[in-house]
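Residue numbers (full-length UniProt numbering), protein chains in the order written: chain A, 1 to 321; chain B, 1 to 321.
Simulated from the structure, these hints should not be mistaken for lab results.
Ideal Cβ positions, reconstructed from N, Cα and C, are used throughout, including at glycine.
Misleading hints may appear alongside valid ones.
Unchecked claim - Pulled a few chain A residues facing chain B out of the computed Cβ check, cut under 10 angstroms: (1) VAL7; (2) ASN13; (3) ARG14; (4) ASP20; (5) ALA24; (6) GLU35; (7) ASN38; (8) LEU40; (9) MET102; (10) GLU106; (11) THR114; (12) ASN198; (13) PHE200; (14) ARG280.
2 protein chains.
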Amino acid sequence: MAVYTEVPDEELNRFVADYDIGTAVSFKGIAEGVENSNFLLKTTEGVFVLTLYERRVDPADLPFFIGLLEHLAARGVTCPQPLRDRGGNVLKTLCRRPAALMTFLEGVWVRRPTVEHCQALGGALASLHEAAADYDGRRANALSVDGWRPIFAAVADRADSVAPGLSAEMETEISFLETHWPQDLPGGIIHADLFPDNVFFLGNTISGLIDFYFACRDMLAYDLAICLNAWCFEPDMSFNLTKGRALMNAYARRRPLGEAEIAALPILARGAAMRFFVTRLYDLVNHPPGAFVRPKDPMEYAKRIRFHRSVTNAREYGLGL
Amino acid sequence: MAVYTEVPDEELNRFVADYDIGTAVSFKGIAEGVENSNFLLKTTEGVFVLTLYERRVDPADLPFFIGLLEHLAARGVTCPQPLRDRGGNVLKTLCRRPAALMTFLEGVWVRRPTVEHCQALGGALASLHEAAADYDGRRANALSVDGWRPIFAAVADRADSVAPGLSAEMETEISFLETHWPQDLPGGIIHADLFPDNVFFLGNTISGLIDFYFACRDMLAYDLAICLNAWCFEPDMSFNLTKGRALMNAYARRRPLGEAEIAALPILARGAAMRFFVTRLYDLVNHPPGAFVRPKDPMEYAKRIRFHRSVTNAREYGLGL
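Excised from the complex, chain A in its bound form (with noise of 0.2 angstroms):
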């Protein structure tokens, strides 16, 4: 949840100004996504969402998001839309903030997914997969094998405070990846970043996905581990099989995975969840006092590398089962 900057009503006012949307008639600050604030925006004309970039959005990178949105969009994929301004801009300035307008998706996030949702999940991934296939835009994973070191090394002598041991492990399991991390699997664009708050439903039905701002070129099976530890571990961290199964098999049939990335799957998951262990470590031990949002906990993660570990073959995930 996350408001980070007040919008005075006669800079908004000026903003809505810019754009064949009508006035203001409700304006509120959405108590979700952590990295910008988002703020549900109500004119005589529709709703819409208005994003406000923070911290560790690249002003460089929102041409590529932007493209990326229109670009999915006209392939059929629901995502937010851009709108431009009376002089044909997409990106502009709020609070001293970049800032852009979107369409507003209906729909809403599931806190508990089921099955069915997980299922939802696989053909929506591979759609979106395939759907970004000729996406031309660049951008490289900066949260990929090679940035985990530097973020896990800034915080390593804090980790065992978290947890006894949790620096060595952590350490260990961080060359084991660099080692092993796979070379030459199919790439594309990923979403990186597909967790339950970032899909919208309708019944078991998707109607749209949001906040693509870790998008980014990368393997696309990498993508589909990403939501295997988002989507198919329960409450107490173990892992769900009928809910792998669902997103596996589901993303399977609409792109048909090879034999490289499969036998890749479980260093790709152990290798996804490092990824936002490190993160979540990094945010727990750097979190200021009073601060807006609650920070996640990193041992949800450590425990999925944990597993992870113990996996031998994709099957053990669901797939092909």
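Starting from the structure of chain A, add chain B where the hints point.
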């Protein structure tokens, strides 16, 4: 800003199904309000606000609030209207908390009130007092003069860590207020928390009042003193006489103030500032690290108290100017 409770989708859908409002198509936590969890709920039939009542709201008081909202709306005050479910119930339970569904009000709260906004507020406050005059609900003001000492006493030993000498200064101030607090001024239902974030505007016109969860019976002029504190000081804590004049005279035009009320305004303003000083001080020193809500600065109200001590006559607030 606050969302203290996550509502699982199945529980939300069951809750919505109790009403004749269609099915949920969007559900977003609102990053406003520090006492309760608020969600914007869009269904196939309309837009609503769902409130889960958290700490500080006594469930026994909820019928008073609900009845007041219905009473006010029947007399032309635009405020949230509680919906009844198919069984006629307004107060329900969701996620083990009292919950109510209200109509959505259009309007934007003003981050920087202007003179025009203060003038509109004065008229609206007087109209609110008039409309509530024949409401027969009973609720005492737990945060009036008798309530300040116990709250302050609980944290007085830590007040000097906020500012040197603060503890002794406010101890003396509370004693003064207890001795000189007015009795027998005209009473009625007051809002008691009519800060800018609880007043919606469309342009310079008030479109609705919200958040009646501090409403109670007390002196009507005390409500005006609360608004004077909340609306007529600048960010540097200087008093804006033009705004004070606009607020006070717009109020008095609709509900003329008696001589005793006018004479009492300086001490009512001191007391109104003390009410927010003690709760802000309490919240600051009891603030859990990592909590969602950034504590508000009690010194903003200490400075207001010091200003009001220098005032001897309501004309210094702009009344009658």
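Against the structure, the hints:
no.	hint	result
1	VAL7	7 angstroms, holds
2	ASN13	9 angstroms, holds
3	ARG14	13 angstroms, violated
4	ASP20	19 angstroms, violated
5	ALA24	6 angstroms, holds
6	GLU35	14 angstroms, violated
7	ASN38	9 angstroms, holds
8	LEU40	6 angstroms, holds
9	MET102	14 angstroms, violated
10	GLU106	4 angstroms, holds
11	THR114	9 angstroms, holds
12	ASN198	13 angstroms, violated
13	PHE200	8 angstroms, holds
14	ARG280	14 angstroms, violated
In this structure, the earlier hints numbered 3, 4, 6, 9, 12, 14 are contradicted, and the remaining ones agree with it.
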